[in-house]
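> For reference, the chains in residue letters:
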Amino acid sequence: MSDAATGVRSLADRIAARMLDASVLERVVIALVATALALLIGAVIVAASGYDAVEFVSSLVYGAVGNVSNLAFMLRQSSMLILTGVAVAVAFRAGVFNIGVQGQFVVGGFAATLGILFAAPLLPNSPVSAIPLLALATLLALAAGGAYGALPGVMKAYAGANEVITTIMLNFIASGVVYFLLDAYLRPEGAAAPNTEQFPDYVGLPGLVFESPSFSILGLGVALLTVVVVYLVMDRTGFGYDLVTSGYQEPAAKYSGVDPKRMIVRTMTISGMIAGLAGALFAIMILGYYSDPNTFPTFGFDAIAVSLLAANNPLGVIPAGLLFGGLDAGGQYIGFTLDVPSELVDGVIGLIVLFVAAPELFRAAGQYTSLGGDRE
Amino acid sequence: MTDTTAPAVQLTDITKRFGDVVANDSVDLTLDRGSIHAVIGENGAGKTTLMNVLYGLYDPNEGTIAIDGEPRSFDSPRDAIAAGIGMIHQHFQLVDNMTVLQNIVLGHEPSTRGLVDEQAARRRITDICDTYGFSVDEHLDTPIEELGLGIQQHVEIVKSLYRGADTLILDEPTAVLTPQEVEGLFDVMEALTADGRSLIFITHKLDEAMHAADDITVLRDGSAVGTVDAAATSQNELARMMVGREVLFDVDSRGGTPGEVALTVDGVTVRDERGLEQVRDVSLSVREGEILGIAGVEGNGQQELIEAITGMRTPERGTVSLQGRDITELSRRRRIEDGISYVPGDRLEEGLVQDYSLVRNALLSNQTMDAFSDGLFLDWGRIGDHADEIIDAYDVRPRNPEATAKSLSGGNQQKFIVGRELERDPSVLVAAHPTRGVDIGSIEFIHQRFQDMRAEGVAILLVSSKLDEVQKLSDRTAVMYEGSVVDTVDPDDVTEEELGLLMAGRARDGTERAARGTEGDA
Amino acid sequence: MSTARALLDDRRTLLGVLGALVAVIALLLFVDLPGSDLVTVGALERALQAATPIALAAIGGLYAEKSGVFNIGLEGFMIFGALVGAAVAWLLAGGEGITQVHLWVAFVAVAVVSGVLATLFAVLLIRYEANQIVAGLAVWFIGLGFGPFAATVLWGGVSSPSLPNVDAVSVPVLAEIPVLGRLFFDASPLVLLTIVVAVAAWVVLFRTRYGYWVQAAGENPEALDTAGIDVNRVRYATVIFSGVMAGLGGAVLSIGIGSGFTGTGVTMVDGRGWIAIVAYLFGNYNPLGTYGASLLFGAMDMLQIQLQTIGISLPGSITGLFPYVAVLVVLVGVGYTRVPSAVGESYDTEE
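Protein chains in written order, with my numbering: chain E, 1071 to 1446; chain Y, 6 to 527; chain H, 10 to 360.
None of these hints come from the bench; they were simulated from the model. These numbers come from a predicted model, not from an experiment. For each residue, glycine too, the CB sits at the ideal point set by N, CA and C. Not one of these hints is a red herring.
Pairwise CB distance ranges, derived in the manner of DEER restraints:
#: 1; chain 1: Y; residue 1: 390; chain 2: E; residue 2: 1118; range: 57 to 65 Å
#: 2; chain 1: E; residue 1: 1110; chain 2: H; residue 2: 105; range: 29 to 37 Å
#: 3; chain 1: Y; residue 1: 322; chain 2: H; residue 2: 136; range: 44 to 52 Å
#: 4; chain 1: E; residue 1: 1254; chain 2: H; residue 2: 354; range: 44 to 52 Å
#: 5; chain 1: H; residue 1: 354; chain 2: Y; residue 2: 442; range: 21 to 29 Å
#: 6; chain 1: H; residue 1: 50; chain 2: Y; residue 2: 169; range: 51 to 59 Å
Only chain E is shown next, with the shape it has when bound in the complex (with noise of 0.2 Å):
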């Protein structure tokens, strides 16, 4: 080979080393610095294409947390895909590539809703009933997301069937499935859409601090409280211990007394419950009624983004659904706002993840690569 692709290999070689063997806190850098790399590319693509550059990224910070609305709109966004990228995190910590977490979102809202609906007309019309609806809306939409997770899981387990397929096949099911329903039986009298009755006025989350319908600071608490004890399930019990060690090497975990089988299983549920409470906090909070889960916001795969940004840290999952939910509520008032698509956003989501993963796809190359000059 010539001389010159000799060294740029060499080059590379080196980079992708470093890469491999940084720490936390390097990752941390590499992340801010392909957040940044990525926004500058796409304020110069902006500005390429004959628009403002800066109006853009001003404006896609104002957009995100420029007045109490914005912001409001951001933190609403950033509670699902903190939620989701959660659930996300959780199964591929463990080796599990669960990309079901859409279909077991709209799964889980779904089975609030059901509860919800068939629930209400049987306690009395006031608020005191809210607590128990709410309690039995997440008792549903934890078993609903876990069962729907639970099933791939077992497929892969006992079948060997790769989790990557069928969980999207079940998403598709799932939303096929359930906008059947909606439209066959839920749908109220006369209704042009497939939308279901609205819940009672009082099933909902008080709007404390933001004056907003559709967000309450209740439910960033919720996912933030979730990621708090996934954190401690994860780092701080045996259970945790053994759910990423069969993510690094499954036959040390089994080593040590795991059951492969059994620990798939398990992954997959705890993701899909986590999933199916973001469906339910989607239905309570957000939207106050069900609807068709194709027009539904694809957080289950933007989570998949958060959580590769994350580097499928829970904690890390936190500071990436927020920047995901800037981006998000930025982009969105770009396109109200500016004449400049806001499909350049989701661009530049691509981008930030294709920066950061790349790093990430680095690390998730395992433990005998030899780059960096060390082959024999």
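Chain E is fixed; fit chains Y and H onto it per the hints.
For chains Y and H alone, kept in the frame of chain E given last:
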């Protein structure tokens, strides 16, 4: 024209290092044209490495290769194949779901306008088969996975011949064959040499080496001990050359009076993933305060036996009992909790999580210990202390509990694992190859700890392919060969040669150990 | 191995089943039986068209996975292909008056661009041993982001304006053959081309040395290495091939049989990249079987329209699910399809 009086292969001063480990140390080997040359030695003696050098898979650090008198150097197997060298590996290099024909021609396919010329291939293969009496040409369109191992091996040989091999290397060729198939293989080998080809084969079975080879080279710890004429030597001499260092018998190293029986294995048979029996009807017992050593060349069922005992595998038949209780169906986790510690043979994949710190590794297999939990949660403080204790007591260097496992040398990693497993105060310790790839100082340390444990009443089952280790430590030694225990002996009462013979399947009273009985189907 | 899988593997049974299927379809076409209205020449035509993009991507993905690399980013490559195809055609024509020549040139451009992208992807996967799942997902996300974005820059919205697509070509004489004539010889040339590609792919995989190498690379790379062939070179080739094919599949969607690029929601590709993966799993890594599976999925795509024409109105949301449920059944029930043994493992010569 090649020089036909020159040896077919001449290896001179071949040295191959992997990091700190010297796998081959200035090895000479001469393969005369038309002869069969056996290379024997224990596990880790360097036999396969040497052959991989000859086949172009490895570059030697020093030394030269000459084929038919001409010096050659090989960058890859393609070069070796071009020079007429063919290798039949111990693990067949066959693609399971492709046909015999496709496997034979792989990489050397005759083609017309891009399409593989099957007819030409068939013709050539049939010619080869007719010359040497192979029946491979009857199965050309059968996928490999449907054929028995004996025929697969013939496919491998025909493959080498198809590529024009003049010299064939066979790595442990009889490892997977029935006695009848072994005879068939020897016939093939004779036919090949009668035709002017030269053969090298690697084996640990002394009787086969003597029966089939013209010359035998013995390797030990990477060096060539010597080359002898097969007709003029004896198994005893070979065993001595293979194994023979002075072993200092430490008189004090024997244990006191063993106590109750702690671990019993009764009639255990274990099949592997392919359905082959790896452990056949093995029974043994280990008492408190005793070390039972299991000697034998690796691959004779020791690993599967250990996995059945530690709970990583379920036996097909038989029972495993701990202090009188049947634990055959008990989960791995419960066995750990009930007091069975296990130092695994694979410290890289099983014994440690390479990316974890030593603190996190201290918890591996200790997750459910009360000592480490604080209510619902793990008490990382105490786990950290425990890691410190292990590092301290077992002289693990560097003394940094936050260091990642992979940053430690093999010896230190092993010491840590041993420490972790022993500090649990087990009633039974199962150790597989505990000092493989470990430096001398650490070896001595680990041996001393085992002896200390024995004095405290722990029952220890030690599997090792290092005879000196087994001799030194065990109170009784069982030798495994092809899945069964050949004999159980008193280490003070037996010589190295006798052990070597046992490891090769020959019982002490001179009878051949019945190799394979009626083999269940694969 | 389950009986169902064993049955499918047995060549004679397979041919028998296929033959029966063809007979039934022919019967329904020509004889007026219940269900006949479902099977019309128009329906078959549409099924063939719908199968084409899926088949192209599937055959590419098949080669990659057969050689040991799971290209899970097919969906992303399809999105890029769809976009680039529409964009190049539009740009070449200066915004209006797009001719057939423009379209065909666009296809070539798609192949080139996809090839470049796929090369980068291959380097990441093979040289840097990136996690194949994560890398594939990254390609998908980038496609989802940049596809609609590029569309907006070009056309001011996530979708292109309505574009012409490749004209049907009518072969004289052959087009007069009943049924077959209309299906193959008076139809989009892309359909016929794809069938040719499928056949060629089969021949290459099973009858040429390159095909042998691909199979060995995925099943037992060490055997290939010791036979003297560079395993990674084979894998580079198949991964790049899979990217190009998926790109072309996407281009077929937008300018081959469609009317431009639609970037709403998950873009017009709408999961076909995922279905393509399942198509080759279902087809057991056989290009012909994969084409058949693609046809099946294509038919299901069209099923809803067909059912409506005969008055059955099953909710589209349910019929649209048949392919996905079928996938699950295949992956679990028929014993899991045999994945090449070395998939996902990077190969190092001196380990």
